[in-house]
Every structure is written in C-alpha cells, then in structure tokens.
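Asks: Letter by letter, the chains look like this.
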Amino acid sequence: MRPSQRLGILGNRIPQSSYYDQHNRPAAALYRARQPYLVRNAVTGVCIVGFVAAVRGIDTWTIKAIGQDDFSDIAVPDAPAQPPHTPNASAGVRSAGSAQ
Amino acid sequence: MASKSICSRCLRLAASTPTRRIPQKPQQRAFSSTVSKQPSQERRIHHSSRQKAPEVEAQRSHVPQDIPPYTTNLGQQPSRKHEDSSERTLLQPNNLFHPFTTSPSPQIRRRAATIRQNAYCPHPDHQPTRSPIAPHDTEGRKAGVSPPAHVRHECPDCGIPVSCSEEHFASDYESHLEICDTLRQINEDDHDLVSGRFFPEFEYPPARFEEAQVNMTNWDTLLFSRGFEAVNAERSMRQVTRLLTYPITVGSVLHELSPYAFGKEGRLTPEGLRSLSALRYTLHPPRTGAGVDIKGLRPNPPPVRLFILGARAESSLPREVWVQLSHLFPRVSFHLIFIGPESMANRDDEFPLPPRTPSNPFGAIVEDRLGGQMKVSTYVEYFHTLYEAQHFAPFDPYFDAIILFHPGLGHPASSHEWSPTLPQLLATKIPIICTGYTDYDMQRDIAWVKKEAKGEMDVLLEPAENRFRSLRWDLNDLDPGDVSCGNWGVWGFRGKRYETDEYRGRDG
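Protein chains in written order, with numbering that gives the first Met the number 0: chain A, 0 to 99; chain B, 0 to 507.
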C-alpha cells in the first residue's frame, strides 16, 4: 500500500481532502482561505460565549435573589400524635377538594 | 467534460511516488510566445517597440518555448514500470535558481540568447533607442553619448542579463535593486515550469452543483469554494493564477457575487450597475422546470457573447482554463469570440484557417466541443471590419459584453489601431471590460478613451487593482527591466447613455 493513503479499520480508504495534511491539520491553503474571517469569527465567538456567561450569571443571581426567605419567626407545629389511618383516601378527598 | 478513466487523485498518487516524467507532447496550446507566420513589416516594428510582457509580444525568435503540458495526463498508466527519476525531472524544487545563460534547460538558454540580442542596456550613459513610454521607463533617463549596447552582463543575484558591462551594472545598481528580487522570482518560476515536475495545480475541477456559492473575496477563497485541490505552495499559486486570471477576471466582474460592489466604498458606478444588472439577468437565470424529457422542454436564451478584442496570447489558453468561466455560471451558455489580427498567436497547428464560405464569411475557427456550455470562435480580423460587415449585429446589452485584455489603447505604438474601433465599441452600447498591465498603463488608456470619445462614454467600474490579477510577474524579453503581471488592473466603460427627457422648449 502506498504510504500516502489513509486506511480505516476495515482497510477501506478514508477520503482525504487536500486542504488537510497527514495529521488532519489545516494546510496553508485552508488557512489562507479562512483568513478574511478569522478575526471576525473569533470576535463573534467571544461575544456568544460572553452572552451565555452573562445569562448564566443573571440566572444564578436571580435564583439566589429569590431564594428562601427567613421564616424563623413562624413556629413550626409539632408532628401529629397519630398518623392518619387512610392517607390515600384523605389525600384523594383533599386534592379533589382543592381542585375545585 | 472529458471523462477520465483514472480519477485525478489516484493519478496523482500513482505519479507522485516515483517522480514520473510526463511525456512532453507537442504543444497544442502553449501559453508561450511565438508566431510562425511573419507579421507584416510595420506591425513588427510597432510590436518590437511596444513594452509588453513576452507572452503577448510576438517574439522574433522562432523557437517555441514549451511549457510542460498541463493538459490531462490520460496517457499515463500507473502500471508502467518506474523509470530512472533522475533523468526525468530536470530540476529539483530546491535547485530552481540558475543564471539564464548557463541554465540546464535549453529553452531558457535560447531565451537568454534572445534577451542578449534584443535588449539594450538601461544605463543613462547610452543614447536612447526609442522614446520613453512611461515615467519610470529607463529610456527616459538616457542622456549620454555612447552608442546603445545590448545587454550581456547578468546580475549574480537574479541571473538575468541586465547590463552591457560590469561597470554599468555596478554604477546603476540602485535602480536594479528595485526589481532584483522580482527578477529572481521570475527566474525561479520559469525554471520551475521547465523542471519536469508534476503540476497538480493545473488540474481544474468540474462544475459543482448549482447551490454551491463561489466566494470571490480573493484567490484563496475562490479556489477553495470552487473546489480546487489545495494549492499550498506560493510558487504553485503563482503558476496557476497566471492562467486563471483571464477567465476569473471576467467572471469576477460579471457575477452577482462580484467583489466590486455598488456604493460609497465600491467601485461600481450607477451606470455600471445598470449594465451589469442587465447582464446578470441572463447570467443568473431563474429556474424554469426544464428536464430531459419532452415535458421538460423549455425555450433557451441565446448564448452570452463575450467579444475578446485584440486577443493575443489569451486565445491560445487551454480550453480547460476558459471553461472555468462557464463553471461559475450554471445553466448559462457562453460564446467566446476572439477577434484580432494576432488571435492565432501560438496556435500554429491549427493553420490553415478554414476557407471563407458564405456560411463562414471570415474564415473563423469555431470550437464547440467544449462541454456543451461554451463555444469559442476565433476571427483573424480587425473588429471594425466585422462591425462594418454587421457580422455580429445586433448587439444586445442583456447578452453581450466586450473584453479587452491589456489592449494598449493609449500606448503610442498601438493606439492608432484602436482609433477606428473605439467609436464602434461605444455605439454598440454594451459594457466593455478593460484590463491593464500596470496602473500607469490603465490610466493612460482611460485618458486616451476619454479624449477620443469626447464625452460620449460612461465609466462602469472605477479603475483599480484587480483582485484576481496574476500573482506571477512576467519578464519582457525585449527589456528585462520591464516586469508586468497579467491583468493587474481592471476597469470598465460603455457608450454614454442618454435618457429621454421632457421637452421644455429651446431654453430649457
């Protein structure tokens, strides 16, 4: 086999583009073709990442800002002495009642 | 296009492992400079005094300068035995600089002999041999009394004979230094062409599917978006753009994605937008639902006619290069018409011309087997002859355009040949795209056209550097100090358009 061919696992030839070299790195022609857009795309990428980071920051702050209030002034009643006997039925009645 | 029995990539792999020599076929269409027929005496004088690059200049040496064939390598079978690689390749890539007179290639040695016989030493101590053509022309500096001498001494850095003697070379060294690097590059590029290597850059891709847009920002984006194989080396870029500049310059102006835009920063004038919009209406036709069966029959418009006037070397470009123009415009048919007294330069094996019959009254050579979308005709006539015979009438601004590749409109040696043609070009009212070797050349052409037209012309495209100029510099064998590149600048004009206006009486 010629050394310049690339073979896959099954021995078939992997299609090669002349714009990438042996190790799949972009060749000079590809770099030159991309050159008018490199700076613009990099700036756009930075703006997008910055926008996502900003949104993420806003969201975390929002969650934090509407986080749990201070409920220490309300006395929590004790647990009842006996648990209810038919929790399912009472839960059904209760939820049906609340659905009205 | 021609079907290849072996795909180009396999062929390149087969050929690149041993360094294989491509059989040198006799050139059908060498992009080089020779004429076999002797032009008339007055034309010879005008051309020898014209400072033009050798490819478009009729050389007095009658030896063809073969460039290794970049036509398809169909004759090459990969099953052939390896040959001795050392005698197949003349020059290795790291061994491309040789002084012209001692070059390993016989063609270049002959070229050096031509230069030594014809070119004059540019030192100011000599008498001038002709009037200067440009402000930077070295003939303008000459004020001395010693008789003009042919160049003999080669610069050791660039290898091209530039002076008559070592003393003149040393005393004029500063002005030579301006072009020494360029000349060395030309030297290496010329040796590269005869080095016998494989030229993968001269394999042109076919047309792609219609929706694949072409990016016309610069050469690299164009080659990438058209699907060319990667041209990584700078030298290969120079070699390939030298040929492709002709169709791509035309395509870059006419295409709707042209880099020459309308607006404040663009170069297109409102009149240019009008003319080009009319052409683009034909060049980018809407889909018609056409198919291959009877139900898919649709009326087809006539082909877009591109009249290439004053054609010299461009008419001998390989047709694969010209067909690249039709690949930029899908579903459009083209008719390229080369007109000019020298339009058969370097096409010696196509002689004799066809006989003049009533159906072919000017003995034109018509090539129509170029893939179905392009037809090329060559007329060895002046344009005014054909115009007066109304051979191409009527001219339609939706279909026709005129292209002039470095015509030398204002050049003192050739402007008289264009004088009878210019009023006719303006009267056709179709856009005329014009290129020039240098900025000075272009400005001189524009000044000449404005003077001759007496206000009857509109500029369509402001003159400036062509984005798709040849990246390779060419040497003029008759004056080694004159380096030029093909299609350096481009501009456009057209006969003046008058609008009908309301009659407001004699005073209005």
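Treat each hint with caution, since some may be false.
Stated by the list, open to error - Listing some non-contacts, in silico: residues in chain A with all C-beta distances to chain B over 12 Å:
{"id": "1", "residue": "S16"}
{"id": "2", "residue": "P35"}
{"id": "3", "residue": "Y36"}
{"id": "4", "residue": "A41"}
{"id": "5", "residue": "V42"}
{"id": "6", "residue": "T43"}
{"id": "7", "residue": "I47"}
{"id": "8", "residue": "F50"}
{"id": "9", "residue": "D58"}
{"id": "10", "residue": "I62"}
{"id": "11", "residue": "Q67"}
{"id": "12", "residue": "D68"}
{"id": "13", "residue": "D72"}
{"id": "14", "residue": "Q81"}
Stated by the list, open to error - Capping the alpha-carbon separation at 25 Å, the derived lysine to any residue pairs in SDA-like fashion look like this:
{"id": "15", "chain 1": "B", "residue 1": "K263", "chain 2": "A", "residue 2": "P35"}
{"id": "16", "chain 1": "B", "residue 1": "K374", "chain 2": "B", "residue 2": "P411"}
{"id": "17", "chain 1": "B", "residue 1": "K263", "chain 2": "A", "residue 2": "Y36"}
{"id": "18", "chain 1": "B", "residue 1": "K450", "chain 2": "B", "residue 2": "P411"}
{"id": "19", "chain 1": "B", "residue 1": "K263", "chain 2": "B", "residue 2": "N214"}
{"id": "20", "chain 1": "B", "residue 1": "K428", "chain 2": "B", "residue 2": "W447"}
{"id": "21", "chain 1": "B", "residue 1": "K495", "chain 2": "B", "residue 2": "R279"}
{"id": "22", "chain 1": "B", "residue 1": "K263", "chain 2": "A", "residue 2": "L9"}
{"id": "23", "chain 1": "B", "residue 1": "K450", "chain 2": "B", "residue 2": "L470"}
Derived by calculation from the structure, the hints in this document are not laboratory data.
Ideal placement from N, C-alpha and C gives every residue a C-beta, glycine not left out.
Asks: Hint by hint, say whether it matches the structure.
Replies: Structure-based check of all given hints:
The Cβ of A/S16 does not lie farther than 12 Å from every Cβ of chain B; its closest approach is about 8 Å, which violates its non-interface assignment. The beta carbon of A/P35 sits about 5 Å from the closest Cβ of chain B, which is not more than 12 Å, so the claim that it is off the interface is violated. With a least beta-carbon separation of about 9 Å from chain B, A/Y36 fails to lie farther than 12 Å from that chain, contradicting its non-interface assignment. Taking the minimum C-beta to C-beta distance to chain B, about 18 Å, the non-interface status of A/A41 holds against the 12 Å cut.
Non-interface call for A/V42 relative to chain B: holds, since the shortest CB-CB distance, roughly 18 Å, exceeds 12 Å. Chain B leaves A/T43 outside its interface by the beta-carbon criterion, the shortest separation being 17 Å against a cut-off of 12 Å. Taking the minimum C-beta to C-beta distance to chain B, about 23 Å, the non-interface status of A/I47 holds against the 12 Å cut. Distance check on A/F50: its Cβ is at least 28 Å (rounded) from any Cβ of chain B, clearing the 12 Å threshold; non-interface status holds.
Residue placement check: A/D58 keeps its beta carbon more than 12 Å from all beta carbons of chain B (closest about 39 Å). Every beta carbon of chain B lies more than 12 Å from that of A/I62, the smallest distance being close to 45 Å; the non-interface claim holds. Listed as a non-interface residue, A/Q67 keeps its Cβ farther than 12 Å from every Cβ of chain B; the least gap is roughly 56 Å. Distance to chain B confirms A/D68 as a non-interface residue, since its nearest Cβ pair spans about 58 Å, more than 12 Å.
With a least beta-carbon separation of about 68 Å from chain B, A/D72 lies farther than 12 Å from that chain, consistent with its non-interface assignment. No beta-carbon of chain B is positioned within 12 Å of the beta-carbon of A/Q81; the least distance is around 76 Å. Pair hint B/K263 plus A/P35 holds up; C-alpha atoms about 21 Å apart against a cutoff of 25 Å. Distance check on the hinted pair: B/K374 and B/P411 sit about 34 Å apart at the alpha-carbon level, beyond 25 Å; violated.
Restraint check for B/K263 and A/Y36: the C-alpha separation of about 22 Å stays at or below 25 Å, so the hint holds. Proximity of B/K450 to B/P411 is assessed by CA-CA distance (about 14 Å); at most 25 Å being required, the pair is judged to hold. For the proposed pair B/K263 and B/N214, the alpha carbon gap of about 22 Å is at most 25 Å, so the pair holds. For a cut-off of 25 Å, the pair hint linking B/K428 to B/W447 stands: about 19 Å separates their Cα positions.
For a cut-off of 25 Å, the pair hint linking B/K495 to B/R279 stands: about 20 Å separates their Cα positions. Between the alpha carbons of B/K263 and A/L9 the distance comes to roughly 58 Å, so the proposed pair goes past 25 Å and is violated. As the CA atoms of B/K450 and B/L470 are separated by approximately 32 Å, the hinted pair breaks the 25 Å bound.
Of the numbered hints given earlier, the model fails hints 1, 2, 3, 16, 22, 23; all others are met.
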